[in-house]
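**Q** Following the hints, position chains E and U against chain D.
Chains as they are written, first to last, in the numbering used here: chain D, 113 to 218; chain E, 87 to 187; chain U, 83 to 724.
Source of the hints: derived by calculation from the structure; they are not laboratory data.
Every residue gets a Cβ at the ideal spot worked out from N, C-alpha and C, and that includes glycine.
Heads up, some of the hints might be wrong.
As the list claims (entries may be wrong) - To give an idea of the interface, some chain D residues facing chain U are shown, with a C-beta separation under 7 Å as derived from the structure:
hint, residue
1, Ile137
2, Val140
3, Asn214
4, Lys215
5, Leu216
Said to hold, decoys possible - SDA-like cross-link-like pairs, simulated, lysine to any residue; straight-line CA separation at most 20 Å:
hint, chain 1, residue 1, chain 2, residue 2
6, D, Lys215, U, Phe698
7, D, Lys217, U, Tyr706
8, E, Lys131, D, Trp124
Said to hold, decoys possible - Here are the computed distance ranges between Cβ atoms for each label pair:
hint, chain 1, residue 1, chain 2, residue 2, range
9, U, Val690, D, Ala188, 39 to 49 Å
10, D, Ser200, E, Pro105, 17 to 27 Å
11, D, Leu128, E, His106, 25 to 35 Å
12, U, Ala685, D, Ser200, 41 to 51 Å
13, U, Ile719, D, Phe131, 11 to 21 Å
14, D, Ser200, E, His106, 19 to 29 Å
15, U, Gln699, E, Val124, 28 to 38 Å
16, D, Ala188, U, Ala685, 49 to 59 Å
17, E, Ala128, U, Phe161, 48 to 58 Å
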Amino acid sequence: MTQSITEVPLNWYILLSTFLFCIGIMGVLFRRNAIIILMCIELMLNSVNLLLVSFSSYKGNSDGQVFVFFIMVVAAAEVAVGLALLMSIYRNIGSTDIDVLNKLKW
Amino acid sequence: MVLFLFVVMLLNLNRESEPHKPFKLKVAATISAGMLFVTLIASLKSTSLGKFSFPPASDYGMVQHIGQQLFTDYLVPFEVSSILFLSAMIGAVLLAKKDKL
Amino acid sequence: MTANLINTPGLNYLGLLIPILPLIGFLVNGLLGKFLPKGITGWIGSLTVLGSFICTLLIFQKLGAGDAIRLDLFHWISFGNLDISFGLWIDPLTIIMLLVVTGVGFLIHLYSIGYMHDDEGFTRFFSYLNLFIFFMLLLVMGSNYLIMFIGWEGVGLCSYLLIGFWFKNDAYNDAAQKAFVMNRIGDLGFLLGIFFLLFNFGTLDIKAIEAIAPGLTMNGSLVVAITLFLFIGAIGKSAQIPLYTWLPDAMAGPTPVSALIHAATMVTAGIYMVVRSNVLFAMAPFTMTVILWIGVVTSVFAAVIGLKQNDIKKVLAYSTVSQLGLMFAALGVGAFSSGIFHLVTHAFFKALLFLGAGSVIHALHGEQDIRKMGGLRKFIPITYATFLLAALAISGFPLLSGFFSKDEILASDFEHGKIIWVILSLSSLLTAFYMFRLVYLTFFNTYRGSEESRHHIHESPWTMSVPLIILCVFSVLGGLLNLPDLVRSNHWMAHYLSAVTAPSATLLREHEPLSHGMEALLMSIAGAGAIVAILYARYIYVTRKTLPEEDAALHGFPKLVSNKFYVDELYEKFITRPVFKLSEWWGHFVDKLVIDRAVNGVAKSLEVSGKTLRLFQNGHTGFYVFAMVIGMVVFFIIRLLI
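Pulled out of the complex, with its shape left as it was, chain D reads as follows (with noise of 0.2 Å):
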């Protein structure tokens, strides 16, 4: 199993990890809808995940799979605590929309 691993560059899976970030990044911007944005920030965290668990293979240390656990559970908070705000901002707003929530200025 470490040999098929070992046969794939290290920067390949950089390469995708950053690739993956860039993405997300770019769904952050693009979506009005907030859930869609939230599960882009999901995916910026995976890359994440995934960068550190290559690194990890690589070195054979892992120190980097035990962050990936805290990463998760953290991402897991979050998502539940985003959710439940966009539920109220639904509640009060209407929509889900970003662009209508435009108050948060002079």
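**A** Chains E and U in isolation, oriented as in the chain D frame:
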């Protein structure tokens, strides 16, 4: 169930009726994300990755090993994350409650 | 030759008291004058100066020819290598100047009590006078050039305040401003001289510079530059060509002011400064020649103008300019003690002349035109007698003070060059002539004014007459101060000042002293010339009773002279108007268009940037996220590049 919802959403069935951001913004977003990508790749090129260690530890990748690490080296974050979950739950419940009419 | 320093506490206190008393007088009169009755303020002002005079006398008793007192009051400027202390220096030259300033000053203060009696600014007048005395004392007592400069500027300020004393009159204010501005032009030269001194010698202490100066190259560019700049200051302050036009206009001030400032003290500051720096000037024969010629030309130029003036004070003003020219001519050949001697006698008789003129003006209730006077010797005999004696003194009538002082100057200049002697003798003849023109037109023949003003003519009160009499005594007997060897006398003043002038004496070209026979010949020529001029004036103005023409009737050369050779108009056309035009242009173009735009531009740019940055806060969360992404990108790029 959540996954099912996610998939449905990702299918993006209402592309025509969904409100879109202005086109200028989309271009700007693409350019900035692209620049970020390029910058990160460029910084990758200028670094040197460490030596690949081979062979890895014998119990590498095993859940057992991760569990051991969690309960010895990373015990404190482990406990703190449990508190984090607790507070997240409380927060989610509080926020999503219906106001008494 | 280093002075022998005396350091007794008693004398030190007296020395300190000399400038402090007038300062106290100024403060009391200036701050509390409103609450004090009018009579008291006048006496406060006068008695402080009398106090200074008494202190000076006490010090004078103890101070021998080679002695000096040094009072270092406090460390004033201490900056790197520069170390200037606020110190006073009292040596024979200082004592003579102090005696003149405080003595004549006190008499003029006394006179002012009577003269300014009806004026509403009485207290203000005395506070200004005391301030002036204070600054003048600082000037002559300063131990370094910087304190001298403080006094220099201070007397210029007080001159401005006092000339424009009746400030409700615009013409007087203009005259005051003119005096101040012309003084400032000279002061710029003085200041440049100080800078050169400081830069090259590292110190401004007079005695220290006296020690260093002989080591420089004689007539080298450095010492010539320094002395020329210092002399420019003297030109401004002592009204020589080309900066003399302020002095006749300064007659707009009250007569005691003219007597004190523009006859006896302030205008002599230039002379004092040159004599004090005699070593520096002796090292620069070029500057000495410049001084000599400027003095000679000024002397004769002003005398010519004085021939045709019809205001009693203006004649005296031009006479002052002319006599100052004579003093500078003495300094220019290195006869420093002769210059000081003439300064002292001139203070006596010029102050007397001015005070006498003031007495005449007071008697005629403000009339100053001599064409409207005449025959006054019957009405105001004391004034007439003192004025006559003063006029005789200034003309160089034999045996009076002016005779000896002028003669000494003429003798020194004769040694230096015959042409100079001829020109200066001509100037003296003209002086005698126009002074007696003044005397005859004012006091002789019949009164030419109106009938009713004739009834009001009266002699002045005792506060005005007593100073006249005292000054008259000194004008007559002042020659005793410095009688020449010819009369087998002690030549007292020259010996008293020998310690002060000695450093330069060794550097100046040695002249063959005139033989006694030659000196006697010159004296008699001068005396005879004066008598001839006086008699000629008598012939024209008394016997033939000619009157000065009305202004409209003048043509040709007399018109030119009467209009002061149009010098003021020339200055106006070629200097003041272009400067005003330049300032207008500058104000319009540079100030409004460039500087204002720059300043407003800064404010505008801030406003614009604020307006633009405000747009960043539009409240859209999506935009904020975008901004975060951009920030991240920029941060990474910078990290990559650095």
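**Q** Holds or violated: the 41 to 51 Å window for the beta-carbon distance between Ala685/U and Ser200/D?
**A** 46 Å, holds
**Q** Per the CB criterion, is Lys215/D less than 7 Å away from chain U?
**A** 6 Å, holds
**Q** So if I understand the rule, the pair passes when the alpha-carbon distance is 20 Å or less; does Lys217/D with Tyr706/U pass?
**A** Given that 20 Å is the threshold and the Cα spacing comes to 11 Å, the pair holds.
**Q** Assess, step by step, whether the Cα of Lys215/D is no farther than 20 Å from the Cα of Phe698/U, and give holds or violated.
**A** Roughly 13 Å separates the two Cα atoms, so the pair holds.
**Q** Next item in the hint list is Leu216/D. Is there a CB on chain U closer than 7 Å to its CB?
**A** 5 Å, holds
**Q** Given Asn214/D as an interface hint, is its Cβ closer than 7 Å to any Cβ of chain U?
**A** It holds, given that the least Cβ distance between Asn214/D and chain U is near 4 Å, below 7 Å.
**Q** Looking only at beta-carbon atoms, does the pair Gln699/U, Val124/E fall within the given range of 28 to 38 Å?
**A** 29 Å, holds
**Q** Look at the Cβ atoms of Ser200/D and Pro105/E and judge whether their distance stays inside 17 to 27 Å.
**A** 21 Å, holds
**Q** Is the distance from the Cβ of Ser200/D to the Cβ of His106/E consistent with 19 to 29 Å?
**A** 26 Å, holds
**Q** Can the hint on Val140/D be confirmed by a CB-to-CB distance to chain U that is less than 7 Å?
**A** It holds, given that the least Cβ distance between Val140/D and chain U is near 6 Å, below 7 Å.
**Q** Tell me if the straight-line CA distance from Lys131/E to Trp124/D falls inside 20 Å.
**A** 12 Å, holds
**Q** If I claimed the Cβ atoms of Ala128/E and Phe161/U lie 48 to 58 Å apart, would that claim hold in this structure?
**A** 57 Å, holds
No hint from the list above goes unmet by this structure.
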